[in-house]
Amino acid sequence: MKTFLHVGCGPLYIDPVTKQPSRPQGFDLSSWNELRLDINPAVNPDVVGTMTDMSAVPSGSVDAIFSSHNIEHLYPHEVPIALAEFKRVLRSDGFVVITCPDLQSVCALVAQGKLTEPAYISPAGPIAPLDILYGHRPPMSQGNLYMSHRCGFTLNVLLGTLESAGFSKVVGNCRPNYFDLWALACVSNVGNEQLLNLARQHLPEQPFDLTQTNPAAQDMQQAIQDVLVLAQTSQRDGNLDEAQTLFLEILNIEPRHAEANYGLGLIEASQKSAADALPRLEAAVEANPAVEQYWVTYVDALMMSGITHSIADVLALGQQHGLKPETAQALAGELAELLKSK
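To convert, take the position in the sequence shown, counting from 1, and add 143; that gives our numbering.
Just to be clear, a hint being listed does not mean it is correct.
[What the hints assert, rightly or not] In silico DSSO-like links for lysine-lysine, alpha-carbon gap of 27 Å or less:
| hint | residue 1 | residue 2 |
| --- | --- | --- |
| 1 | Lys162 | Lys145 |
| 2 | Lys483 | Lys467 |
| 3 | Lys230 | Lys145 |
[To be verified] Derived CB-CB ranges, DEER-like:
| hint | residue 1 | residue 2 | range |
| --- | --- | --- | --- |
| 4 | Ser174 | Tyr218 | 22 to 28 Å |
| 5 | Glu385 | Asn287 | 52 to 58 Å |
| 6 | Gln368 | Lys145 | 31 to 37 Å |
| 7 | Glu348 | Ile450 | 51 to 57 Å |
What the hints contain is simulated information worked out from the structure, not anything from laboratory work.
Just so it is clear, the structure is predicted and the values come from calculations on it, not from any experiment.
All residues carry an ideal CB built from backbone N, CA and C; glycine is no exception.
Work the whole structure out from these sequences, hints included.
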């Protein structure tokens, strides 16, 4: 059975009709185990922790994450840290579902002079734009400052933030009548149909399609691809300084970009040493382990650097991803010859 991590779970709620624990949409009891995490020990979570430090949850241990109205409680600089933690604990085929306030629809009410007028009535009482922007005032007035809001999102910003955090595919929608945003982000580069199927299962019923992915982020990805082509062309033509500058431009925007790290690693190996290239080559392997050539070049650099003790482990790991057994065997033979010559 799959496991989803319920971040900021709050107290366990039992449905009065079914007498079963209430679950987020798509995470039914018959198919999913729930691992509950919260900052507040009083709600009896399985794990006490924060979004920015989930060290009690092992890496690659959960199939999905559900986070409802948590991310807005972080300071802006903490958001990338939290999303990196989300990505760390997810399996390679995992995904995250995030919902949070929609500042665009809330600010429309503020622009109409309705900052403190009720926008809707919740089980906790009337909710005004002021509460959505800065946190629900009644519990905060009683000392529960966990309820305060420190950042906010529009749909484009939320989707772009998820992409910048390294999630390969994202989709989402906004519900202006509910003043909320919903997003689903996948770790791996799934097909569009699979992405939409997941969205239909886990996001509120709402007409949406892939045109609702972040257009600004799509433009940025196209710009990165254009720069990558220029960098690779310069590298092939021997203009290594120009290629290096272009690769670095890409990495300033997307530090985990596999092809840019690989290209820069090749340049550093030729201009400096194999040891200098190792961090870039390792980053390329981590970002896209399906590319066999990344593994081959990384292992070659390890051998040239004299770092032979870890190569057997690297070859074993590589064969779980993009490294063919026959290629791994050939590299192991090269290693044996190298060790024999010493």
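Okay, the hints, checked on the actual structure:
With a C-alpha separation of about 22 Å, the suggested pairing of Lys162 with Lys145 holds against the 27 Å cut-off. Only pairs whose Cα atoms come within 27 Å are accepted, and Lys483 paired with Lys467 is accepted, the gap being roughly 24 Å. At roughly 17 Å between alpha-carbon atoms, Lys230 and Lys145 fall within 27 Å of each other, so this suggested pair holds. With their beta carbons about 35 Å apart, Ser174 and Tyr218 fall outside the hinted range of 22 to 28 Å.
Between Glu385 and Asn287 the beta carbons are some 56 Å apart, a value that agrees with the proposed interval 52 to 58 Å. Separated by about 34 Å at the C-beta atoms, Gln368 and Lys145 satisfy the suggested range of 31 to 37 Å. At roughly 54 Å, the beta carbons of Glu348 and Ile450 sit within the given window of 51 to 57 Å.
Going through the hint list in order, the structure does not satisfy hint 4, though it satisfies all others.
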